[in-house]
Amino acid sequence: MSALIVENLVAGYGDARVLHGVDLNVGQGEICAILGPNGAGKTTLLRALSGMVKARGTVRLGGTSLAGRSPDAVARLGVAHVPEGRGTFMPLTVEENLRLGAFVRRGKKDVDADLARIHTYFPVLKTRLKQAAGSLSGGEQQMLAIGRALMSRPRVLLLDEPSLGLAPLVTRELFRIVQAVNEEERTTVVVVEQNAHLALGIAQQAHVLETGRIVLSGTAAQIRADEQVAQSYLGYRV
Amino acid sequence: MAGFLQQVVEGLGAGAIYASMALALVLIYQFTGIVNFAQGELAMFSTYIAWQCVAAGLPFWAALALTLVVSFAGGMLVERLIIRPVEGAPELTIVIVTVGLFIFVNAAAGWIWTFLIKDFPNPFPQGALQLGGISVGFSTVGVLGVVALVMVLLYLLFQHTRIGLGMRAVATNPSSARLVGIRVGWTLALGWGLAATVGAVSGVLIAPLLFLEPNMMGGVLIYAFAAATLGGFDSPAGAVVGGVIVGVAETLAGAYVGFIGSDLKIGVPLMIILGVLLLRPQGLFGRAVVERA
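Those protein sequence lines, which keep their order, are chains A and B. Under UniProt numbering, the first sequence has 59 at position 59, and the numbering climbs by one with no breaks. Under UniProt numbering, the second sequence has 221 at position 221, and the numbering climbs by one with no breaks.
Chain A extracted, bound-state conformation (with noise of 0.2 angstroms):
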């Protein structure tokens, strides 16, 4: 069963076209990895999906059709977007940026039951709840953002880029939670990423984009076994 279905999706800022037509088919419960150099278009297309930029074509979460929604109406649909830059609500709380995360859910026990499983996941948060969000090192930041897409039950999430700026060793873990909560939530990921034998290691299917379009689809490992993408873009000789 799909999770999440695009179809020819064209999007861009202005006059200027970033993505050419994209395709893609994410299975429920799966990870899928958007490779490809900078400017390829992979920022552009988790916008599009949760309609921080406008585009045309077709996107359908389960039976809903997410096309021209605002973003916040996309999120209250169960997709939760880790943006480019982590959006830290950087003045106010480690808790309260993971509260606003179940903003739009009722029941108050659930949410409080949700925070305690965020902390099982990212222990350093836990000690960290009452400090501002903005004191936060780097991988602590990216962490609380997933954190906070976590505390909607997204049906989708959206991940930019986790990698960005951190030390090897804190990505490693990050991307180790992420194949967690994936495997222990059944929650679809869609992450894009530069680190290509990273996201590789947990995602199930990949897709390598190039100047707005798709040139390149498998599985994880039919990428990571393809010797010419491997020059190419994932920066490294198999």
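Be aware that a few hints might be false.
Said to hold, decoys possible - Residues on chain B that point at chain A, a partial pick, calculated with CB under 8 angstroms:
1) Arg84
2) Thr172
3) Val184
4) Arg287
Worth flagging that the hints you see were computed from the coordinates, not collected in a lab. Even glycine gets a Cβ: it sits at the ideal position worked out from N, Cα and C.
Based on these hints, arrange chain B on the given structure of chain A.
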């Protein structure tokens, strides 16, 4: 000494009113980054509504309640109809729009109620408390009490309710607020409604001390600007502290600095604005948050 304390008490009463007006300015600035030059005129218009209700025979407190509700709705309407179309426009455009709103509301009030001054009923009893040689008017006590109540209610709203949390989220990071599902447009309108309500309270409090006329808030707005600048335009607590300091400074300067007297009092807030902008532009409590990238 008693004379000095007496002046301080007078200053506190005036300062509380400046504080509530400054709070209205800061509320809108926090959400939208807009300095609303029409805030005083909206408060004046609200005060006329209260006056009209009293003139129509409503008891004062019922008139006030009705005024606050109408002001809230009016503030939201102004945001939706007048500010929304210029959202994201250059600052100068928005300044011009709020100045235009200032002139429009001022003229509308004059057209509806004429420019003749009206007597506004004082909700608080005549007379004064005697506290060790200092006399504190019931009206001063009442003003301080009402403003304190407004502060407490706003604090509870922002710190302890879901809507308040959403409003703070919009104030700090609107695009991220959208991504967690908050309707940012309506939240901004809510901020304007809230500011108009707080402004209405200060208008109703100050009208018995001045006279009710369309230009009554002009001076008050300058004091409120001084208070918000001093406290920091992004700090509601700062607006309150700033308001109180401006009120006390104005009264003391008028009483003890010979050449100022009551004629040059209006120079005090202007000096404060100038001084703050020169020495500490973010104000006393303005945010200079240290953030790690």
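Each hint, compared with the structure:
1. Arg84: violated (14 angstroms)
2. Thr172: It holds, given that the least Cβ distance between Thr172 of chain B and chain A is near 5 angstroms, below 8 angstroms.
3. Val184: holds (7 angstroms)
4. Arg287: OK, holds: Arg287 of chain B within 8 angstroms of chain A, min 7 angstroms.
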